[in-house]
Amino acid sequence: MSFETKEHAKQYWKENLRIMLTLLAVWFAVSYGAGILLVDALNEIRLFGFKLGFWFAQQGSIYTFIVLIFVYVRKMNALDRKYNVHED
Amino acid sequence: MDIQLLTYLLVGASFALYIGIAIWARAGSTSEFYVAGGGIPPVANGMATAADWMSAASWISMAGIISFAGYDGSVYLMGWTGGYVLLALCLAPYLRKFGKFTVPDFIGDRYYSQTARTIAVVCAIFVSFTYVAGQMRGVGVVFSRFLEVPVNTGVIIGMVIVFFYAVLGGMKGITYTQVAQYCVLIFAFMVPAIFISLLMTGNPIPQIGFGGQVSGGEGYLLDKLDGLSTELGFAQYTEGTKPMIDVFFITAALMVGTAGLPHVIVRFFTVPSVAGARRSAGWALIFIAILYTTAPAVAVFARVNMINTINGEDSAGALYSEAPSWIKSWETTGLISWEDKNGDGRMFYAADERNEMKIDRDIMVLANPEIAQLPNWVIALVAAGGLAAALSTAAGLLLVISTSVSHDLLKRNLMPNITDKQELLFARMSAAVAVVVAGYLGINPPGFVAQVVAFAFGLAASSFFPAIILGIFHKRMNKEGALSGMIVGITFTAAYIIYFKFINPAANIPDNWFLGISPEGIGTLGMILNFVVAFAVHKVTGDAPDDVQDVVESIRYPKGAGEASAH
Chain A
1 MSFETKEHAK
11 QYWKENLRIM
21 LTLLAVWFAV
31 SYGAGILLVD
41 ALNEIRLFGF
51 KLGFWFAQQG
61 SIYTFIVLIF
71 VYVRKMNALD
81 RKYNVHED
Chain B
1 MDIQLLTYLL
11 VGASFALYIG
21 IAIWARAGST
31 SEFYVAGGGI
41 PPVANGMATA
51 ADWMSAASWI
61 SMAGIISFAG
71 YDGSVYLMGW
81 TGGYVLLALC
91 LAPYLRKFGK
101 FTVPDFIGDR
111 YYSQTARTIA
121 VVCAIFVSFT
131 YVAGQMRGVG
141 VVFSRFLEVP
151 VNTGVIIGMV
161 IVFFYAVLGG
171 MKGITYTQVA
181 QYCVLIFAFM
191 VPAIFISLLM
201 TGNPIPQIGF
211 GGQVSGGEGY
221 LLDKLDGLST
231 ELGFAQYTEG
241 TKPMIDVFFI
251 TAALMVGTAG
261 LPHVIVRFFT
271 VPSVAGARRS
281 AGWALIFIAI
291 LYTTAPAVAV
301 FARVNMINTI
311 NGEDSAGALY
321 SEAPSWIKSW
331 ETTGLISWED
341 KNGDGRMFYA
351 ADERNEMKID
361 RDIMVLANPE
371 IAQLPNWVIA
381 LVAAGGLAAA
391 LSTAAGLLLV
401 ISTSVSHDLL
411 KRNLMPNITD
421 KQELLFARMS
431 AAVAVVVAGY
441 LGINPPGFVA
451 QVVAFAFGLA
461 ASSFFPAIIL
471 GIFHKRMNKE
481 GALSGMIVGI
491 TFTAAYIIYF
501 KFINPAANIP
511 DNWFLGISPE
521 GIGTLGMILN
531 FVVAFAVHKV
541 TGDAPDDVQD
551 VVESIRYPKG
561 AGEASAH
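Residue numbers (the UniProt record's numbering), protein chains in the order written: chain A, 1 to 88; chain B, 1 to 567.
Wrong hints could be hidden among the right ones.
[Unchecked claim] Here are the simulated lysine-lysine pairs, DSS-like style, with alpha carbons at most 27 Å apart: (1) Lys6/A with Lys242/B; (2) Lys6/A with Lys328/B; (3) Lys559/B with Lys14/A; (4) Lys539/B with Lys10/A; (5) Lys341/B with Lys75/A; (6) Lys328/B with Lys341/B; (7) Lys75/A with Lys559/B; (8) Lys475/B with Lys14/A; (9) Lys358/B with Lys224/B; (10) Lys358/B with Lys10/A; (11) Lys224/B with Lys6/A; (12) Lys501/B with Lys475/B; (13) Lys6/A with Lys82/A; (14) Lys82/A with Lys475/B; (15) Lys559/B with Lys82/A; (16) Lys475/B with Lys10/A; (17) Lys242/B with Lys328/B; (18) Lys75/A with Lys6/A; (19) Lys501/B with Lys242/B; (20) Lys539/B with Lys559/B; (21) Lys421/B with Lys475/B; (22) Lys539/B with Lys14/A.
[Claimed, not checked] Computed footprint of chain A on chain B, listed as stretches where at least three residues anywhere in the stretch have a Cβ under 8 Å from a Cβ of chain A: (23) 75–82; (24) 216–227.
These are computed hints drawn from the structure, not numbers from a lab.
All values derive from a computational prediction rather than experimental measurement.
Note that CB positions come from ideal geometry on N, CA and C, so glycine has one too.
Kindly produce the complete structure, drawing on both the sequences and the hints.
So this is what it looks like as structure tokens:
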């Protein structure tokens, strides 16, 4: 066990899951939400030549995915350091 | 210089580069052969993962599919990129910490069961062969069109090249070759896209250009395309025709399938650390997104260009006798054809009875530079790019097949006492056999290659993904639960696909689908079933043993991750 106490291990895992689920909620919202379920409503809004729902489905969701992964990397690296379980 | 000579030069130079890298990066141990010794930097690994992931289908066919499907094509764009978020957040770091070579390794050890390992091996091999046959075929098609050699000769040339660096270099050789192949394929995809974007919208960035104004004209490009589509009897380009539930389920099946594909997961065993595995998934997605965000722009440019060329600017139809040379040169390959139904000597493309054209979707990328009248060297580049995409994916898949045989089947199952040297020899031999089988499938493609792609994703989604997720996030999950979940998931998904694709293809219409979900999207339902069954069976059979639970605890934080190893 690399954690100082069992309590730390539990706490680390809980925070890890919170970060993951928050980011997955955004992941779901931009693709399944904006790109599919709400596409018709969002298509009423224009972003230059794009209908907004169409833009999310073919462009916006992909850009958001990239941002999500790098936010995750940063947050997890910070969390690893906080509990001193990072790699050397 | 003429196109033919330029093409030979560019393709020859790229092949020489790949072989040079293969000789420089030979593998000396099983660890180097399977996971490149776990020493690939995250950025390079991301690039290699991107080349591995983007197949002949992504490179040659995807923009064309979107071009014909419009909004409905979004399922591929979101589906084949969103899976990387799942990989980075839910799978890659934990599997890297687990520190084994393969997906069947994880399933077999986590569920303390040879049966689970065997099911995983069979799925991995099936999924990989499905894919690899398509790649070899892609190599053959590119050769036959651009180098004017018969398709079969093309496949054999491709086999020799892949044989050389996959058998010799293993994962190490493949990874560094894929870095080079990524550069070739992305350059070859972007150059025509940028040229065309400039021509049509005056904007050098295709991602912005296709939402911009038509150059020299009034109004937005997408509005013009929507208008043209309606006029010709098609649905509006930016609106879908598929039911929403099907779009939802197909996207989910592709995302989850991506995250469950063995040749993608194995890429995260090759980086030096857990933090590296997380970062590497991000880099992979950046490199993939460059192509995936450009493809929908190419789709729009190509469609507008094609309609204008065939129907003429005035939509009265262009005279066949004055048709540009690309129409005639692609007619010989059978990818485009014209039948003068009304006898006026003019071509016309439409969705209704006015239509006189048959156009294959692959032409949208392959002939795009010619349609837009780009310089000869850009046209020659397309051949090198398509080949790089096909070869890099084929090599990655062959490695999964050879690893499954030599490591999962022989070392971990049938012949546990072989030495590292013997195992390496078996790995090379199975890679060699796999190349030959893949080549055979490329020359004599079974009629079902296109149909089985749905299979590959459906199986990955309904078998591997839930088993791995539960293995990490539900430490008390036991082998009975995981096994019955996998079996129910696979059986349900396979039965649905086999019924609609093979037994009764005539019934494959939305009215007959369960809840309106097509065979392409059914893997999502299979995945849900897998989870439900696993939970239910676990409830009545008790928890996993304590030592297994301890292992699960230990993969949940990065500290102490060593090099991936066999034991």
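Exercise. Identify every previously stated hint that the structure contradicts and give their numbers, smallest first.
Key: 1, 2, 5, 10, 11, 12, 17, 20, 21
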